[in-house]
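Visitor: As given, the protein sequences belong to chains F and A, one line each in that order.
All residue numbers for the first sequence refer to this note's numbering, where the first residue is 15 and numbers rise by one.
All residue numbers for the second sequence refer to this note's numbering, where the first residue is 15 and numbers rise by one.
These are computed hints drawn from the structure, not numbers from a lab.
Any given hint could be a false lead.
Identical chains blur together in the list; that is why a pair holds if it fits in one copy or across any two.
[Unchecked claim] No more than 20 Å apart at the CA atoms, straight line, and that leaves these computed lysine to aspartate or glutamate pairs for EDC-like:
(1) 111 to 633
(2) 332 to 342
(3) 647 to 542
(4) 327 to 232
(5) 353 to 283
(6) 320 to 77
(7) 301 to 104
(8) 647 to 567
(9) 247 to 318
Number of protein chains: 2
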Amino acid sequence: MLDNNKIQDYKLMGDTLRFLCADMVQEANSGHPGAPMGLADIAVVLSEHIKLNPKQPEWINRDRLVFSGGHASALLYSLLHLWGFDVSLDDLKNFRKLNSKTPGHPEYKHTKGVDITTGPLGQGVANAVGFAMASKMAQNILGSEIISHNVYCLCGDGDLQEGISYEACSLAGHHCLDNLILIYDSNHITIEGDTSIAWSEDIKMRFCAQAWNVIEIDGHNFYEIDNALIKAKSSNKPTLIIANTTIAKGSVNLSGSHKAHGAPLGDDEIRESKIALGFEDKKFDIKDSVAIRFANVSEIGLVEHKRWEESLKNNPKKSMLDSMFNPDFSSIIYPKFTKDMATRVSNGEILNAISKALPGFVGGSADLAPSNNTELKNSGDFPNGVNLHYGIREHAMGAISNALANYGIFIPFSATFFVFSDYLLPSVRIASLMKSREFYIWTHDSIGVGEDGATHQPIEQISHYRSMPNFYLFRPADANENIACWQVALNLNSPCGFVLSRQNLPLLDEVSTESLKYGAYIKQDSKEPKVTLLASGSEVHIALRSAESLNNEGISTRVVSVPCYDLLLEQDLTYINSLFSGYVVAIEASRGLEWYKFAHKVIGMNGFGASANGEVLFDYFGFSVENITNIIKQSI
Amino acid sequence: MLDNNKIQDYKLMGDTLRFLCADMVQEANSGHPGAPMGLADIAVVLSEHIKLNPKQPEWINRDRLVFSGGHASALLYSLLHLWGFDVSLDDLKNFRKLNSKTPGHPEYKHTKGVDITTGPLGQGVANAVGFAMASKMAQNILGSEIISHNVYCLCGDGDLQEGISYEACSLAGHHCLDNLILIYDSNHITIEGDTSIAWSEDIKMRFCAQAWNVIEIDGHNFYEIDNALIKAKSSNKPTLIIANTTIAKGSVNLSGSHKAHGAPLGDDEIRESKIALGFEDKKFDIKDSVAIRFANVSEIGLVEHKRWEESLKNNPKKSMLDSMFNPDFSSIIYPKFTKDMATRVSNGEILNAISKALPGFVGGSADLAPSNNTELKNSGDFPNGVNLHYGIREHAMGAISNALANYGIFIPFSATFFVFSDYLLPSVRIASLMKSREFYIWTHDSIGVGEDGATHQPIEQISHYRSMPNFYLFRPADANENIACWQVALNLNSPCGFVLSRQNLPLLDEVSTESLKYGAYIKQDSKEPKVTLLASGSEVHIALRSAESLNNEGISTRVVSVPCYDLLLEQDLTYINSLFSGYVVAIEASRGLEWYKFAHKVIGMNGFGASANGEVLFDYFGFSVENITNIIKQSI
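Let's have the full structure, built from the sequences with the hints guiding it.
Guide: In structure tokens form, the structure reads like this:
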């Protein structure tokens, strides 16, 4: 039970936080004071509950904290500073400045203590579900002495309006993720006005329908906040704490107003508000008593971490933990392929080979596992195994997978049809921003999809992912290239997509990792080539047949396979020029405008696909040897 | 009340439908028999309720029908055939064949009677909400004599698991869309197994939380189906009918099995099933009595349509309806711009000018209207006005907007920050597939966003939309170009995106529509140019300043503004070559790989953005006159 003294301390701590945030936004002359000030009281009590070691921010058994509303970053940075992370008062003063530790929205790997990059709304809620799932899996593998922690997530109206939060919370309820505590900052303010202009549902009933524990509190009442957190930690379900708050609480004239959401309060307003709450008119002012109290997080965390390290020494699972921290990719025994098969099939075998070698390799599909060939055999289902059934929830899958990747000991993959990668795109972007090591299995990669038709045939997707920074898209031409792609991809430490065929593809010779790591290599050479054909995936075979025809007609033609355009783009001119000779033609069943970087001519898709047999479509859209060789003969 | 004779008729009709669908899939040797067979009984009763005129499929006051599970297309095509639409028995036999009227998933504009393209799950539910909203707005403008109809949507587990359905149904409940009837085919089967592997929420409670009317029935009990539809039509809320069904009902050995979802049943299974239900072993068999009964839809629809046309003659709103069918773009009085401003600001004025001239011009933002400048002034809010508050639900916004566009008398726009166009991407793709006339207002278009940082700065998005077929992306350089872009875009009859600056841009000279319609034009020429600079949006100004500097140094430089790359791509070589002279350099604060189609050199973004003042960022990432001119001098 909180006594009056503590309540007084808390009040001072809360107000200190709110003015720190208001000062940061004012100093930056840009940013969001409203949410941090509304959440400050919750943040104070959370500081008494959360388990972190600010001196070793990557401690695997720390609690995870997600600010789903990344625009409340001023509050997160203030807390990191006060808790003892490597964020100084000067860093707070440099909020939103170039190359500061304190960018506008929290960025993973950029600022120690930030567990995941947030900002685009809704994803943080799914990230939190992902952390909670990671924790459950880790606990299953390593035992509860090594893994036993909670996941806290702060979110707002916007997060809960986004469909991804519905998807993720549905899965969290289904799996009874009792380690998950979602604190909903319910301030009724959105940018266009009161939430009631577009939202009137019963949130409590919604979460009850999803099998959550729901607690509603006054988000400025320390006793209620504390009590809710205590109850949440002992619940056997995920808990939603609906915290009724006032945006910009503490601001004399702007509290409760949407004007406080995304703009500085103004010097006068801050001064007036400080005085009203008994503060001096000083910027970035932190009383010693407040600093000491917040520093408790660090002291308690240190003790807990030490105790954990002690207990780990004699834990038989220690070596398992170590091996999950440092996965040995050389221990993977890749399959030997001997026959033609779809790359989605070869990839399924490769996933299973990787899974056998790496206990932290986990993943699943958005209800397409039999089509994506992503089942890890004999591995069981979550939480007792590493197969994840995401349901038909691509976007949540992407954001959950991001959290699995950031958790520290997992290497996750997620899967769907390539055309539906559109549904998880916003989370792929965050993975790319974070350079998270995770993998996307995207099968049914082109018009080769066939009869399902235009709605199911990716056309523009390849171009999109090639234009996404830090992202590597692999499109292997056969089962053997598929292996080499994985050998390279596992070592890239950045998100990688595998774009795989539904249809059978002929087996080509084995390929060395050395060839693959440049993204492109000469698949079949010819003497003093007059023509170079570039292609990826299934079109490599069309290129090879076209080259044969051209060579027979005396037009010396080389074929370059480009399983990873992104890697080719990183090579120096010497290597790039060594690949190309004569008239360069790219052949790919995609929109393909980016090929003009390397090619004189692109034979690609100028429009959407159609519904018919896949082979019929390849001919219909011009990917026949006859059409290709005719075009080339007319061009050279 | 249904009598026994009618029930017997219904049973025969239902079984006829199921075997027709099974035969179609078998003949195609590909497709989805399970859902059509499970939904057949509902489709029979729906045929007695739905108001359509198959001979004039575009009748504005028809009921709308959305097959959200587009994979159940065999059922839709069978119904269209039986109801009397222009879909023949031969068309059914050509299911999933090249250029048939019956592609794998329903395609709007391709098959008469298909109200919207579906397949990617969840979107159909939001489309239905969009049709219901369109109907409410139309009723408000035209009166209930002209507009008074229902919207039916069939959906499955997958649709309801997708977050977009949550978003859309939340909005539908908020607005009490009593004209909306959502029939949920609850068969508990997903591709990975029983729905319970990933989904266990209480659907009834979920929809009650969203203020829906919920009715649960046996989806094979004609009486219950009929009763539910009667109740739904008289409800004052949107209605969810939870119809418990058996997948592939009627199949002797495969009913209830996930094996019946996405593969033909097999000739033997179909034969055995037909015999078990008292049918002859004949393919595509439709008894006359069944055909006559289904043809009632046509007969009743014709009568209703005639009556409606009669009543329209003396309706004072008839001319308004006509003008909404044929919007007169020449009546738009565009603003006269006289000062520098952000293009998001000029665009806001243009939207208001269009709105004044066109009563069917409707739209809104996903809670960013004040930032996107999308408020239509003095126009009121939905349903009494044309301003839509979508809430923080981008994906639902996109799919709702698609339905508004297809409704027939509206020209919709939707808005968010450009980087969050990722969230609605799957619906933009469907708009592009359908070539729907609708507009996307995407502000905060580049690193110009500034302090919000990398999560909020689009980099790869421009490349993506340029690679999307049928889609036109406009990025005006100033307020005047902004007008010309709209003049061209309104006449394209395809979806168009407007990518607009947050920051102020200098006002340039007025531009003719003639210049704009080729996508690119010479903004500033020079004598015998040695260098041509291509740019779009804010970078046009950097190009102009760079050209000035180069010209001063004796390097004759031309500047070409490219507000719409997609249109430029459609021009013939003569026009394209007339634009370029000498060394061609593209300057754009985006990834920009597609510029190599036209340029020798691209000065773009090689990675993600950062958090700092926008002007600082332009310099930091190399978009300074000094850096650009240096690069060019080194290159030529």
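Visitor: Take the hints in turn and mark each one as holding or not.
Guide: Hints, one by one, checked against the model:
no. : hint       : verdict
1   : 111 to 633 : between (55 Å within a copy, 14 Å between copies)
2   : 332 to 342 : within (16 Å within a copy, 74 Å between copies)
3   : 647 to 542 : within (17 Å within a copy, 34 Å between copies)
4   : 327 to 232 : neither (44 Å within a copy, 60 Å between copies)
5   : 353 to 283 : neither (73 Å within a copy, 32 Å between copies)
6   : 320 to 77  : within (15 Å within a copy, 68 Å between copies)
7   : 301 to 104 : within (16 Å within a copy, 83 Å between copies)
8   : 647 to 567 : within (10 Å within a copy, 44 Å between copies)
9   : 247 to 318 : within (17 Å within a copy, 62 Å between copies)
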